[in-house]
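Novice: Sequence:
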Amino acid sequence: MARVQRPSSPAASYFAPPRPRVFAHRGLAIEAPENTMLAFAKAVAVGVDYVETDVRASLDGAAVVCHDPDLSRVAGRDIRVDQLTLAELRRIDLGFGQTFCSLAEALDAFPETRFNIDLKSADVVAPAVDAIRKLNALGRVLVTSFGESRRRAAIAELPGVATSASARPFVAALLAGKVGSPLAMSRALRGIDAVQVPQKALGLRVTTPPMIERLHRAGVEVHVWTINDPGVMLSLLDLGVDGIVTDRADLALEIVKNRR
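Under our numbering, the first residue of the sequence shown carries the number 2, and numbering increases by one thereafter.
Worth flagging that the hints you see were computed from the coordinates, not collected in a lab.
Here the structure is a predicted model, which means the values were calculated and not measured.
Be careful, since some hints might not be right.
[Stated by the list, open to error] Distance condition first, Cα-Cα at most 20 Å in a straight line; then the derived SDA-like pairs of lysine to any residue: (1) K43 - F97; (2) K258 - G232; (3) K43 - H68.
[What the hints assert, rightly or not] Each pair of labels, with its calculated beta carbon distance range: (4) D124 - G192: 22 to 30 Å; (5) T86 - R134: 19 to 27 Å; (6) T100 - R188: 39 to 47 Å; (7) A168 - S73: 34 to 42 Å; (8) P19 - D124: 31 to 39 Å.
Note that the Cβ used here is the ideal one computed from N, Cα and C, for glycine as well.
All chains, full assembly: derive it from the sequences and hints.
Specialist: Following this line, the structure appears as structure tokens:
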């Protein structure tokens, strides 16, 4: 079974705000460069409880808020994030007066905000764990990764932290759900609090009423990414999903207000 959250556990604290949840994908990136302090500030300003973000390791071992492995898309520079120190990354112009920030800086700047953190590389696990501990942020982070080894390494150092399924347990759960095996699904999702998924995976539709019901019975929340169309948001909420990951947190919040 998915983990039973004790009322005082970090995971229970993370999931304390009411559902349905709105996750601002890389902040409110329609109004500021993604994964920057300004994007996070704009997301918080419109009223989100949750920000989705990504971290990678710098050359000097800091957990840097960044999605891509290199700077080509966000800064037009043909160099990898892990080839630059945090100080060097802070000198990169991302537009709107923004630059790269560390995970510690983001957690410190927004102490009431919950962060959904995707660990993008194995070398970022230790500095991300260190930042979460130093900021006493265990109860306001969810730690995840597409790589199961990265996810497991992080949660082993952060007892009780909220976590969502990596690719491997999610695929196992999806296949178990499709063949109607609740026991196999529960086993695949043991120790997991949520699945964060696209509408389709492996050519199979994830967001069907039977699949969502089976995932709920297995004890996990269902968060769907990346949804920007208001009509699709409404349809997913009608199906009973627990959260929407979106670039349009402003629109999603208005829709969700009418559902609570």
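Novice: Hint by hint, note whether the structure agrees.
Specialist: For each hint, the structure was consulted:
no. : hint                    : result
1   : K43 - F97               : holds (13 Å)
2   : K258 - G232             : holds (15 Å)
3   : K43 - H68               : holds (19 Å)
4   : D124 - G192: 22 to 30 Å : holds (24 Å)
5   : T86 - R134: 19 to 27 Å  : holds (22 Å)
6   : T100 - R188: 39 to 47 Å : holds (44 Å)
7   : A168 - S73: 34 to 42 Å  : violated (25 Å)
8   : P19 - D124: 31 to 39 Å  : holds (37 Å)
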